[in-house]
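*Asks:* Those sequence lines, one after another, are chains X and P.
Position in the first sequence (first residue = 1) + 15 = the working numbering.
Position in the second sequence (first residue = 1) + 15 = the working numbering.
The set of hints was computed from the structure by calculation and includes no laboratory data.
This one's a predicted model, so the numbers in the text were calculated from it and none came from an experiment.
Built from N, CA and C at the ideal position, the CB exists for glycine as well.
There may be inaccurate statements among the hints.
To give an idea of the chain P side of the interface with chain X (calculated C-beta under 7 Å), a few residues [as the list claims (entries may be wrong)]:
hint	residue
1	V43
2	V50
3	L120
The chain contents come next:
Number of protein chains: 2
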Amino acid sequence: MQDIENKWTEVEQAIAQEAFEKAYKREVSALVEQVRARSHGLLALEDLWNLHDFLSAKRHEIDGKYDYDYSVLLFVFANLIKDGWLHLDELKSLNQDKFAKVAALTRL
Amino acid sequence: MQDIENKWTEVEQAIAQEAFEKAYKREVSALVEQVRARSHGLLALEDLWNLHDFLSAKRHEIDGKYDYDYSVLLFVFANLIKDGWLHLDELKSLNQDKFAKVAALTRL
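Same shape as in the complex, but just chain X:
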């Protein structure tokens, strides 16, 4: 199983990178929209500090999540699919074992 995770052909690397960037762009763009929407309702200092807390949490989450590392990439993909930022079929051109592993992980 370790082989599946550590051996990435150039073609697979390109597919993985594209999928990773797609998920990243989708999540960032949803987050930007969310912050814009929240900012319309800003009235009091408490709202600003709530926004600040929200951004602190998101920054921590995103910085951790989008660490591009092939040894954990199948797990990262499974989580991105579970969170709705990636579709399983966007990984269908990966090697069959990798695809099967990601599919299995999304069902955990």
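Dock chain P against chain X, hints included.
*Replies:* Chain P in isolation, oriented as in the chain X frame:
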């Protein structure tokens, strides 16, 4: 001089509290406007993290500044005047010595 800072009649306390709250409301309302305006220009993740850094700094600054403590209130007032959140004439009903001290501090 210590007496001036520590002795506050009930009337002076009411004047001080009103001035303090006015400054606070002005600064908060300007900050809310500033964050709303910034949020219209949000495009990328970097903009969100810049906003996050800005809110972190403002939170730290405001939490420290609006500590209502009579022993340092004349200094706080002088700083609020220098920053434009309070007008010196809003303190004109304070005891003459206090008013003179704040006026002097704003010129430092």
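*Asks:* Give a verdict on every hint.
*Replies:* Quick rundown of the hints versus the structure:
Checking V43/P against chain X: minimum C-beta separation of about 5 Å stays under 7 Å; hint holds. The closest approach between the C-beta of V50/P and any C-beta of chain X is roughly 6 Å, which is under the 7 Å cut-off, so the hint is satisfied. A least Cβ separation of about 26 Å between L120/P and chain X goes past the 7 Å threshold, and the interface hint is therefore violated.
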